[in-house]
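Asker: Given chain A, put chains B and C in place with the hints provided.
Chains as they are written, first to last, in the numbering used here: chain A, 1 to 608; chain B, 1 to 350; chain C, 1 to 291.
Any given hint could be a false lead.
Per label pair, the in silico range of CB-to-CB distance [stated by the list, open to error]: (1) A/604 <-> B/192: 30 to 38 Å; (2) B/195 <-> A/188: 50 to 58 Å; (3) A/188 <-> B/84: 47 to 55 Å; (4) B/57 <-> A/359: 31 to 39 Å; (5) C/65 <-> B/66: 18 to 26 Å; (6) A/69 <-> B/60: 36 to 44 Å.
Everything labelled a hint here was simulated from the structure, so no lab data went into it. Each residue gets a CB set at the ideal place from its N, CA and C atoms; glycine is no exception.
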Amino acid sequence: MQKKIIILLTLVLVFSIFSVVGAQEEVNSPDTFTYVNIGDQSTLDPHFAYDTGSSEVIYQVYETLIGYDGESVKNFTPLLSTEVPSQENGLISEDGSDYTFIIREGVEFSNGNSLTAEDVKYSFLRGMISDRSGGPIWMLYEPLFGAGFAGLSDVTVNVVGVEDPKQLTDEQAAEVLDVLEDKITVDGNQVTFHLESPYPPFLNILAQGASWGSILDKEWSIEQGAWDGTAADIAASHDPVKEEDPLFDKMMGTGPFVLTEWVNGDHVVFNRNDNYWRGPANFKTAIIRNVDEWSTRKLMLLRGDADMIYAPTQYRSQVEDEEGIVVTTGIPALQNMNMIFNWDITTEGNNYIGSGELDGNGIPSDFFADENVRKAFSYAFNYKAFIEQVRMGEAIQLRGPIVDPLLGYDENSKVYSLNLEKAEEHFRKAFDGELWETGFTMDLVYNSGNDPRKTAADMLKSYIERINPKFNINVRGVQWSTYLDASVRGILPASFGGWLADFPDPHNFVQPFLDSSGYYANRRGDTYKNWADEVGINDLIAEGISTTDSAKREEIYKKLQKMSIDNAIDLWIDQPTESNTRRTWVKGWYPNAVRPGVDFYSMDKAAE
Amino acid sequence: MRKESYELVNYIIRRFLILPFILFGVTVLVFSMIMMLGPYQRLSTYINDPAQLKGQDMDKLISKYGLDDPWYEQYGRWIGGVVKGDFGWSESAGQPVTTAIFSRFPATLELALFAVIPVVMGGIWLGVLSAVHHNQKFDHIIRIISTIGWSFPTFVFGLLVLMIFYGVLGWFPPGRLGADAAAIVRSTEFIRYTGLNVLDGILNLEFNVVFDAFRHLIGPIVTLSIVWWSYILRITRSSMLETLRKDYIRTARAKGVAEKFVINKHARRNALIPVVTVAGPMVLGLLGGVVIVESVFGYRGIGQYAAQAAQQLDYSGILGVAMYFSFLLILINLIVDVSYAVIDPRIRLE
Amino acid sequence: MKWKEVLTRLLKNKLSLFGLIIILFFVLVAVFAPYLAPPRSPEDAYEIPRAGWQVEPQPPREGYPFGTAQGSYDIFYGMVWGTRTAFRIGVIVVGFSSLLGITIGTLSAYYGGKIDEFFMRITDVFMSIPFLVAAMVLTTILGKGLDNVMIALVTFGWMGTARLMRSQVLEIKNEEFIQASIALGASDPRIIFKHIIANCIFPVLIQAFMRMGSMVITASALSFLGVGAPEGYADWGQMITFARDWILGGQGSALKYWYTVVIPGAAIMLFSLSWNLIGDAFRDILDPKLN
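Pulled out of the complex, with its shape left as it was, chain A reads as follows (with noise of 0.2 Å):
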């Protein structure tokens, strides 16, 4: 009996071997393009969606009104909207605060569905009345509404006093529902935003690889269970819970794709979409899958079962040279790293900061306040290791909040350097000389499982203790969850962060990381917060996103640039750069620094 089907088992597997062979040297299904990435979906509803894991598929199926010219992220071309308003051709208003878009004629949704103005308008109200809280609507309030106005409940409170969206009377809502009504309007097959004041990247929130930015076919939603449209209905389709949305898992859009298959963290298949107003797409499917595991990836490439796919710089050099692959690198990516000081611990419950009192066993709650220590960290930092080593020297080193390219980047700016004298020089300068003398002891904390800031920290620790034997950091690695607890209560004294951008404009990294409310003051304290509106921070940001004239606007984020690096505000570290590692039958390709992963649309598989 065992024998039987021992023998049975190896009559299958020989057959199986042989029943399907891939050939590796001709182009793997050609009709077929996979690309292998790590990490998941979270949602497909475009005004729900902020990760890139999201927002890649939610690129292939829909579309937005503008996009961007090639590889640029500064030049625009027409997408739903026949052409890109600007000052010369009048689509945007003199005063700069009104622009208006011309929908294009005869482009249809998936099921055939008409795009209409109509459809336009409800997009973009739809994703103001659903803004989820730590959603990306705060992009399209500020331009509208002005700089205070968030989300929704700025609004309610602005125009009926009540604060929570969810409470509102249908006469309440009737009154909400026309304020925003009023900064959106149609004209025959035009829309024009009306903004509060002229709002320098309006375009770019606009812009395709902005998922918020995308057009929703008004009907089908409705029919979906999205907001019907009605002023009653707003409270109900406020701030949804994620697997509630109608949205969630549903698509219908005027993109090249359409979306087939969903298993979260699993795979996305999409099928072309064959009425496509461009034409059709060069591949009959397109696949995401999503597999974390690197040399299971590697193989997946090697083999040609994967056309593309994510190799993280350290591991590339193991596929870079491969006959068949290809690999782009120096992307220029709009992300950056760096390690936030915080200038106000929380001292209670705190196991991080030893003592808490100056007493070498410890750090006072405002170690970082003050501006020599600081420095001397940032002194005792070795840029150039972290960049040749752990980058593998595909990266630049920061020079503020501001990456490049964007406004303000200066690359002649003054940046600190490893400088081990400077650093004493500090040191010995901060708390009036005390510090020297009692030296100090603190953890330095990063969460598991990530190397970088795992060797940036363990970098400060090793140069740190050399200048000075009285100075003790302790590396810790904890879970992430210990970690998000800890940062949000503002008990780590040090903690890595690192942004990339929603938008390609210097605004969207000056406000989050130098802003008293911006996202990275909170992380800072008070003792920020109060400074920054002293040395004037926040209002050269006020004034930054209320101007157009570049000029000035490039004077104000140099400005900024250089506050950060002079005062030391955090340890800016630097911007990698992305890479892309893919099968030489792949043509088409091109990089983009603000679309979300890839556009399946733009390429084709040919052999050489």
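Answerer: Only chains B and C this time, still in chain A's reference frame:
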């Protein structure tokens, strides 16, 4: 005889009745462990990546998900759902917990079923042989090989298998199905009877799917087998050795009973007791999915899900997985205990 | 049976001799760790020093006899201090969990009835929770660090021993000589207890030996999954995990980074194998029914 079978049935019924209590115990244990964490720590299931911290108002999120409600309220909410068959939403899987488990279960089941054959058969057969040839060369060699198999870190072996059989030879790819077979399975003509690709392929008469599914299974099976086969072999061998020395065996031998008969009838039967004890957890382990094998081969099973849920503190997911395991374990234990009673009339149920 | 006799017989058996020598070798390495791989400071002894910040592993060379792993961690240092870690984990976890398991198993089987039910159901509850899940949740609650890993391993590792002990005691309980002792009026439970434990302990002891070896493997599996000792801690499991993304080698050569896998892998294997061989030999020797 009748009294004994009555006792047996009684026993089985009693065990089934206890089942809900054990399940309850498990959930309370797991829930209390999770509740030892603060609300911000538990929030990490919704924000599981530093990149997502952007602009989130943590406190708003905490009240939205009720993370700082008293523990009995949170537990009550969860239990209330369970009673209706709703195990909640699994953040880490992005699906309802029930969907997450049921969609992954067939994959793990398929893997387990196919792995059990070589593991158990090979392991038991070789274990017996090894014990019989105790301290001879054969025994030594088998023991060393099996220890190496057991101590070889699974993922190293898995990656090597992947490299040789997929990377070099292209025979056994990762994942469950290739793109073409997956397209067939996805199409409306293909009917999903069981969720087991090989079986469904046969039932739908789509043999392409059958062979494709099988190709994808071999890598994980080989990797899994080496580890578990070694384990079963060792257990079988040591228990066989124990048994071979027992008095009644010596008696049988002294009586002149043929050696072969001694082994086959007496020894084997009794040696099986510890094996059966171990087989239970082993099958449970296989059914629980082997996390490492699944991640190396990109095989979407329960093991991978369990690890994911645990890492991301997805507490509905963790509770769901714990319940699933609990249920399986009790079932298997029951089968094991019943087999005990059947195999060895001396060890009777108290 | 006297210990001297046991030792002699162990030494005579070729396989167990081999195992003993290996273990002795590891013991020596562990004891002399501070001389073989001097730490930078006593508190940081278990933190593997980094030769630089480079991500790519580098082969054995001057000053780094075993080469450096991913992130430039000194493999030799990690292996040497990792020996101490292996013993610590093995002895503490196996020791405590066995104690716990023996106690519960014996009590459960001896008293039987409701007590047995109770303990067995508790065992069921603990066994139902996937070990990995439990370990991960516990380490999150308690924090990262080897001590917490050990707590997790003990908390969820006693069940096997308990069940084994219980089945042994159950078997023996029915044996004649125990029944006889009771019938003869040996009313002191302690004496009976002693009889029972003396006769049942051997399989458990043998199992304990085997577990010494398998503990290291379990711990390395936990490291692999991101639970367990923090990155850079001197632990064999860590070292093997460092090799994870380099196993398939690099340009042209699949064996390019062999030292990242082979060295820690061999140590784990030898350690486990040796305990196994010794355990097997012990069984042969301690079995009272052997001629």
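Asker: Give a verdict on every hint.
Answerer: Structure-based check of each hint:
1. Checking the proposed 30 to 38 Å range against residue 604 of chain A and residue 192 of chain B shows it holds: the Cβ atoms sit about 34 Å from each other.
2. Between residue 195 of chain B and residue 188 of chain A the beta carbon distance is about 53 Å. The supplied range of 50 to 58 Å therefore holds.
3. Restraint check, residue 188 of chain A to residue 84 of chain B: a C-beta distance of roughly 52 Å satisfies the suggested window 47 to 55 Å.
4. The hinted range of 31 to 39 Å is satisfied by residue 57 of chain B and residue 359 of chain A, whose Cβ atoms lie roughly 37 Å apart.
5. For residue 65 of chain C and residue 66 of chain B, the hinted distance range of 18 to 26 Å is not satisfied, since their beta carbons lie about 56 Å from each other.
6. At about 39 Å, the beta-carbon gap between residue 69 of chain A and residue 60 of chain B stays in the expected band of 36 to 44 Å.
Of the numbered hints given earlier, the model fails hint 5 alone.
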